[in-house]
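Here the sequence shown is numbered in this note's numbering, starting from 5 and rising by one per residue.
Among the clues, some could well be false.
What the hints assert, rightly or not - Simulated crosslink set (DSS-like; lysine-lysine; CA at most 25 angstroms straight-line):
1. Lys91 / Lys103
2. Lys204 / Lys142
3. Lys103 / Lys115
4. Lys30 / Lys91
5. Lys169 / Lys91
6. Lys169 / Lys30
7. Lys91 / Lys185
To be verified - So the derived label-pair ranges between C-beta atoms look like this:
8. Pro116 / Arg43: 23 to 33 angstroms
9. Ala92 / Gln13: 21 to 31 angstroms
10. Asp163 / Thr188: 36 to 46 angstroms
11. Gly144 / Ala92: 21 to 31 angstroms
12. Pro167 / Lys204: 24 to 34 angstroms
13. Pro167 / Lys202: 38 to 48 angstroms
14. Ala199 / Pro41: 28 to 38 angstroms
These are calculated hints, taken from the structure and not from any lab test. Note that this is a predicted model, so its numbers are computed, not measured. A virtual CB, placed ideally from N, CA and C, is assigned to each residue, including glycine.
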Amino acid sequence: MEDVLEVYQRPHDPARPVVCLDETTKQLIKETRVPIPARPGQPARHDYEYERNGTTNLFMLFAPLEGWRHVEATDRHTALDYAQILKALSDQYFPAASKIVLVQDNLNTHKPASLYEAFPPAEARRVVERFEWHYTPKHGSWLDMAESELGVLSGQCLDRRIPDKQTLIEEVAAWEEDRNKNHTKADWQFTTADARIKLKRLYPAL
């Protein structure tokens with residue numbers, strides 16, 4: 005926990021951007037009847053029946069000090085998908101960074117070994133070395149700011165029925181563009197000093 009909190013206290017360094025990663029799934033829901041649109045004094049109405057249309061995985065990349073985020077929709081959340089996300093983060097989104105400070109949870113695919121499943125050893129090592137790896141503790145995923153950004157995405161964009169992956173991609177892209185255009189950042193206030201007081205029960209008793 006203190007390791008992640010220390011990362012969040014570092015001053016902004018464009019050469020070493022902090023990027024948080026998290027992922028979630030979205031259930032795709034198709035309407036079985038045409039919804040009744042909203043009109044003055046009457047909210048939109050949807051039939052209680054619906055059709056499940058599979059799920060889509062969403063990777064959230066969030067650079068809280070840059071005011072930048074990117075959401076990638078994938079059919080699965082395997083080690084190979086994760087490896088491709090990290091390579092894009094390194095080579096496409098932050099190619100000029102000397103090192104990317106990566107904060108993520110302890111999901112079993114969120115490991116350097118995943119890159120060796122996806123790429124030849126030399127390429128896997130190149131991408132691994134592009135990152136400074138930091139993990140939130142077990143039961144401490146709330147420390148990952150990408151999780152908070154996923155909460156914003158869920159509340160502003162995903163809190164309704166979305167019928168298919170293409171519609172999901174378009175809706176998420178519009179949300180992402182608006183947030184990035186405004187350079188919406190995170191104002192993280194919780195520090196190690198706070199943790200040692202408020203979470204004293206988690207520390208060993210000496």
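Okay, the hints, checked on the actual structure:
no. : hint                                : in the structure
1   : Lys91 / Lys103                      : holds, 13 angstroms
2   : Lys204 / Lys142                     : holds, 17 angstroms
3   : Lys103 / Lys115                     : holds, 17 angstroms
4   : Lys30 / Lys91                       : holds, 24 angstroms
5   : Lys169 / Lys91                      : holds, 23 angstroms
6   : Lys169 / Lys30                      : holds, 9 angstroms
7   : Lys91 / Lys185                      : holds, 24 angstroms
8   : Pro116 / Arg43: 23 to 33 angstroms  : violated, 55 angstroms
9   : Ala92 / Gln13: 21 to 31 angstroms   : holds, 28 angstroms
10  : Asp163 / Thr188: 36 to 46 angstroms : violated, 18 angstroms
11  : Gly144 / Ala92: 21 to 31 angstroms  : holds, 27 angstroms
12  : Pro167 / Lys204: 24 to 34 angstroms : violated, 49 angstroms
13  : Pro167 / Lys202: 38 to 48 angstroms : holds, 43 angstroms
14  : Ala199 / Pro41: 28 to 38 angstroms  : violated, 49 angstroms
The structure fails to meet hints 8, 10, 12 and 14 from the earlier list, while all remaining hints are met.
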